[in-house]
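Chains as they are written, first to last, in the numbering used here: chain A, 2 to 248; chain B, 2 to 248.
Among the hints, a few may not be true.
No copy labels: a pair is met if it fits in one copy or bridges any two.
[Stated by the list, open to error] List time: in silico EDC-like cross-link candidates among lysine to aspartate or glutamate, alpha-carbon distance up to 20 Å:
id	residue 1	residue 2
1	Lys64	Asp53
2	Lys197	Asp85
3	Lys110	Glu51
4	Lys64	Asp54
5	Lys24	Glu176
Calculated from the structure, these hints are not laboratory results.
What follows is the residue order along each chain.
Number of protein chains: 2
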Amino acid sequence: MTETNIHAALLVIGDEILSGRTKDKNIGYIAEFLTNIGIDMKEVRVVPDEMDDIVDALNALRKRYAYVFTTGGIGPTHDDITADAVARALGVELYEDQRIIDLMLQRLKPEDLNESRRRMARIPRGAEHVANPISKVPGFKIENVIVMAGVPSIMQAMLDDVAPKLTTGARMLMETIEAAGIPEGPYAAALGDIAKAHPRTIIGSYPQFGEGRFRNQIVVRSKDGAALQAAVEAIGEMLKGMAPGGR
Amino acid sequence: MTETNIHAALLVIGDEILSGRTKDKNIGYIAEFLTNIGIDMKEVRVVPDEMDDIVDALNALRKRYAYVFTTGGIGPTHDDITADAVARALGVELYEDQRIIDLMLQRLKPEDLNESRRRMARIPRGAEHVANPISKVPGFKIENVIVMAGVPSIMQAMLDDVAPKLTTGARMLMETIEAAGIPEGPYAAALGDIAKAHPRTIIGSYPQFGEGRFRNQIVVRSKDGAALQAAVEAIGEMLKGMAPGGR
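Can you make the complete structure from the sequences, with help from the hints?
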């Protein structure tokens with residue numbers, strides 16, 4: 002049995018993330034969203050608001066993955082250059098889309114539609130809109146590149162709009178096992194053996210540190226429910242009889 | 002006047018971030034920390050727990066930036082392969098460091114020091130320790146690569162330990178101007194002109210959406226205090242007399 006795997010990457014565009022001024026809230030949201038619809042995120046990059054950096058990252062990612070999602074850089078100010086970068090990476094021209102101008106005029110008086118705001122109506126030739134129910138100006142999808150806003154609420158609405166149009170694969174199933182109080186050291190070798198014996202699963206062990214001690218969780222992931230269940234049972238057997246404590 | 006610029010990248014290693022199961026808390030912390038000590042983070046990548054992906058990313062980043070920080074993948078379980086990947090990327094061997102074994106024996110009985118735990122004592126030949134006051138097992142620094150834990154509290158302690166050993170550059174200064182209630186559209190063109198007229202600054206405009214409306218902040222960054230101040234004043238002049246509101 003083989004499953005369809007659809008792999009994606011996320012490109013986060015913005016100096017403010019790299020300087021630490023703004024704490025990104027989009028990576029975790031998009032990762033979880035895509036996992037839930039059967040698209041596996043395999044890479045994330047964060048790059049500054051610099052044309053060459055954006056174009057290079059776009060070209061590296063769009064050739065390697067089924068989809069590349071971007072966040073950030075689609076506003077009206079001079080540092081918003083994502084549409085320009087996508088057009089350059091794909092070798093197509095930008096044009097002013099009258100449909101976007103019309104959307105903007107639902108919210109703006111004609112005399113307020115200045116040159117900067119018109120920049121937001123420029124999309125690469127061949128792109129389709131990704132609807133923005135919040136502030137109207139859409140993102141866009143061209144080839145396998147999906148361009149979204151950086152503001153989390155708008156990005157999330159755009160993701161809802163574009164998701165039904167994407168090819169999705171088998172959903173990654175996941176089960177979490179609490180290794181209550183048992184440190185990683187005693188079970189690491191046995192867990193490695195279980196991982197080898199269950200090649201259709203991905204098994205990870207994740208320590209969290211809090212209240213002065215570690216709390217480990219073992220996570221099993223698979224696209225095959227039966228394989229997942231078999232590995233989960235093997236791990237349950239392994240943990241049985243292991244003593245909690247700091248050993 | 003020229004400033005020293007020290008550029009760094011961060012490589013986040015972990016399936017659990019890409020699946021969305023764990024929400025990364027390290028990117029924002031490290032970005033802000035490095036900004037404050039005069040190291041500019043220019044790129045972040047998140048990759049899965051796969052040898053080739055980690056090695057490729059390490060090699061791309063370590064050649065391009067003064068420092069590459071990594072988080073994740075240094076525990077005792079089979080999915081912890083960061084030390085192996087760093088050794089492979091740098092073409093050096095891994096060895097079991099007796100000093101790390103000794104640190105581990107401060108917390109473990111000798112009979113509990115099993116094969117899996119010994120894996121955590123393997124570091125690349127030539128690496129120096131990055132101290133871990135919380136759970137003892139250190140991270141390490143080799144050439145320009147700094148390997149840290151993924152657990153945020155441990156990563157933060159490691160960053161405190163390694164920071165004084167790093168070459169730092171001029172600190173990026175930053176000032177935030179509240180464009181209280183003024184939308185980006187009316188000021189975007191003038192702000193672009195100011196950005197052009199103040200080439201020693203980096204000027205960004207960041208909308209936040211909440212309570213049904215946008216609240217914009219304009220952020221000016223520079224390593225030159227006078228240049229920063231001049232741009233901030235120009236922006237203050239620009240905003241004077243602009244009407245708040247949805248226009």
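Verification of the supplied hints:
{"no.": "1", "hint": "Lys64 to Asp53", "verdict": "both (17 Å within a copy, 17 Å between copies)"}
{"no.": "2", "hint": "Lys197 to Asp85", "verdict": "between (47 Å within a copy, 18 Å between copies)"}
{"no.": "3", "hint": "Lys110 to Glu51", "verdict": "neither (32 Å within a copy, 53 Å between copies)"}
{"no.": "4", "hint": "Lys64 to Asp54", "verdict": "both (16 Å within a copy, 16 Å between copies)"}
{"no.": "5", "hint": "Lys24 to Glu176", "verdict": "between (29 Å within a copy, 17 Å between copies)"}
This entry does not satisfy hint 3, going by the numbered hints stated previously; all others are met.
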